[in-house]
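Trainee: Residue numbers (numbering that gives the first Met the number 0), protein chains in the order written: chain A, 0 to 473; chain B, 0 to 473.
Among the hints, erroneous ones may be present.
[As the list claims (entries may be wrong)] Short derived list, chain B residues pointing at chain A, Cβ under 7 Å:
1. K93
2. V214
3. P265
4. R268
5. E369
Derived by calculation from the structure, the hints in this document are not laboratory data. Idealized CB from N, CA, C, for every residue including glycine.
Number of protein chains: 2
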Amino acid sequence: MALILPESDKKPLMMMEAPQPASGSRRPTAMLVVMVGLPATGKTLLARKMANYLNWVGQKTKVFRVSDYRRKHVELYSHDLFRYNNIEAAELRKKSAMEAMDDARSYLLQGGQLAILDGTNCDRSTRAQVMDTFTRQHQIRVLFIECVCDDEDLLESNTKEILKHSSDYKEMNLEKAVEDFRLKMEHYLEVYQTMSAKREPQASFIRLVNAGETVTARGLDSPLDARILACVPLFNPTAKTLYFSRHGESEFNILGRIGGDADLSPRGRVYAQALSRYFSDKVRVPGLRVCVSEKKRTQQTAAGLPAPFEVLAALNELDAGVCEGLTYEEMQEKYPQEFAWRDRDKLRYRYPWGESYVDICRRLEPVLLELERTTNVLVVAHQAVLRCMLGYFLNKDPEELPYLNVPLHTVIKLTLEGFTYRMETVRLNVECVDTYRKQPRNCSDVRSADEALKTVPKHYDNLKFLTSPLIEQH
Amino acid sequence: MALILPESDKKPLMMMEAPQPASGSRRPTAMLVVMVGLPATGKTLLARKMANYLNWVGQKTKVFRVSDYRRKHVELYSHDLFRYNNIEAAELRKKSAMEAMDDARSYLLQGGQLAILDGTNCDRSTRAQVMDTFTRQHQIRVLFIECVCDDEDLLESNTKEILKHSSDYKEMNLEKAVEDFRLKMEHYLEVYQTMSAKREPQASFIRLVNAGETVTARGLDSPLDARILACVPLFNPTAKTLYFSRHGESEFNILGRIGGDADLSPRGRVYAQALSRYFSDKVRVPGLRVCVSEKKRTQQTAAGLPAPFEVLAALNELDAGVCEGLTYEEMQEKYPQEFAWRDRDKLRYRYPWGESYVDICRRLEPVLLELERTTNVLVVAHQAVLRCMLGYFLNKDPEELPYLNVPLHTVIKLTLEGFTYRMETVRLNVECVDTYRKQPRNCSDVRSADEALKTVPKHYDNLKFLTSPLIEQH
């Protein structure tokens, strides 16, 4: 009899699972996505964002960037590397591409589900070679994603990002870099052949014009293809700045109760005012968009902001099911088994009739995609929800999510710089309780109440707490 | 303190939740999808399948078919209704379209999330009017989906379906119907204007060529748009015949144990042979594709079939978590609270560290989409999983799913006829236990073990069972 014990129940996070292809016995889905397009059309950012998103939804994905391999061979960068009749450089670039492909192939053969080959792959013969290597020799499906950009503003902003963040240009002054980039583009234009259904009838591809304004897909062959098609037009390269805040301290926070739908405490209301001042006076965000949950405490926190708020149920706090409204002490008393289970695997643990962190990750998916295409948004939400959201943008290991520290009364700002987000935190000076509870050492079913409650943060009807002042900082 | 009681915890099934748009306070996402295209391009089937799928993922969706309204006004059908200079008929068709739009609008204003207007909407002025009514007057987003078909075979097979199933032609002989349809098409060709980004710059649209061979999208504006984009190319009109079977009787079935990974019982092995004979001799399905779960009992059942099988983890039986491998009697003894909760709301109840029916519905989504584009597939899976799959294709109310009867040792065949599936069941003549457990009358926390176990089906170490023969039929 195969009894599954919770302790060993570390299941994969499979938030989405693609059907396995092919026949005979089990074989994981393996797919190579090949980026295609001229420089500055948004390929690398798209590849990174796609990888982050697909990992999030449970597809093991990794980007292999050809230029990273090239940089290992060539220290000094110049546009001349890309001149089509520079035989020596062409050899070298070919070598780099082969190395990237080799690594992508190894990754897929060793259990990776999706490898993204990030390069220009501008001509048909290169693409035919990739198809030959992967599809013919290894039966690995290949999907091309071509980025096309004819919007001058977008092209200019993409180019600026490259000149600012790419290591290729870090030794050049701006004027020289601009000229070098222009020449590189010219070299590519000489060899670039757009994807063509007629000339490449075997190829499945998605073409993205101006970062999603128009999308065309040909030869889609699976729900995974379709899933990729659904996300790529949403990754907007101009979506750069995101703000996050928990609601102000609530009455339940003071009482150490979880969940519920309490009002703000007096100090929480002061935070709401401080937050409103911060966004009205200190940072004036053009076109600020505010999203809150259905809970009163987020709406009360956002009420004074210089923008109306949108209510998203997906932003609601983790549903604690039968434990909604309890203190940890009460939970230990009424549901000691549940309390121990949760401490053992907080990421996957679901409250009876409630949710787990994994559940939140899943319900947040459309919101995250919405944020991927928007900028200057402030999300006012809850501890567990914000842990998941920050984990997504900062590319955290899912196991870390339940213990990320997201304190009350603090504004968190994420800014996209190059291909990663930079995080800043601004603590507004309003006192509040600390709601962070560390994983206790003893998570066994037979631990004592004392051991279970060792890391519970101080709160009003907690005996320890009564001996120290309410306003103590943590 | 807002304690959520499990008994009142009938939450919506929100398997996917789209972010709410707009500002101020809460407002549900409302969207009108408008089908565009000539007759026989697959619009109606796509609209139906899309509605079924979107309802499944938690978007309240309904189709409003203009021709249904027209049929209320005109009893006798002829192509002449569609002659562009038939003024009287044009008025009548306009009236029908207005009625469909009115109903769609009411549906959206009364809480529906997505209305699909199924008609030809062939000319730009009609489309402009729809945009005006919905977007300008009611701030309801409009997304057009244009179906184009230039594949002769597909066009012919779509036409055949229409002539066979549409009530318009039920009074005509085939020859007359073919001619009538040809003339109707000619009338439409005189007025048809394809969607154009240049001439309809305000319109967001998806264009589907040959049922998904090529897809183009313009002006997508939300994760819901993207979700629609992701599903439409997968609804293949030639995917018509699906077969389903539970695994043969397993050793756990005999013992009355749930979950686990047991081998087939001797009678289960006989069923596997019978199933193999059925598909080898009785019905010879061209290009048969077989999908099984990771569990031994499905693979042992499929081992003799005239096609290799594909293993899909998403087809695994509902994970009973801490109750895996228990009998209902043991569950009542060890987890009476859980057992009562499950009986109260079997659809939403999750075993500790396990799953609910809702969870299965979600993980089945990519498999269902895969089946939507495939034909001649046999799925060998498990009771709960097949309940959900059949519920999807037969458009059942989710509340019915946990109590659908899917007996052992029975082949279920679904055939798409027109726009709905017809179900046939073939019981192969191999005896087996019955695993169906009705909802008991008493589902309260304080019921006696006797009451809780009243509907448990007979099995080997169940006392009642020992008094009757193992091979008894149910």
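Trainee: Are the hints correct? Go through all of them and say.
Mentor: Checked hints:
At a threshold of 7 Å, the smallest CB-CB gap from K93 (chain B) to chain A is about 32 Å, leaving the interface hint violated. Using the Cβ-Cβ criterion of 7 Å, the hint placing V214 (chain B) at the interface with chain A is satisfied: the shortest such distance is roughly 5 Å. At a threshold of 7 Å, the smallest CB-CB gap from P265 (chain B) to chain A is about 20 Å, leaving the interface hint violated. Given the 7 Å rule on beta carbons, the hint for R268 (chain B) is violated: about 20 Å separates it from the nearest Cβ of chain A.
Taking 7 Å as the C-beta cut-off, the interface hint given for E369 (chain B) holds, the closest approach to chain A being about 5 Å.
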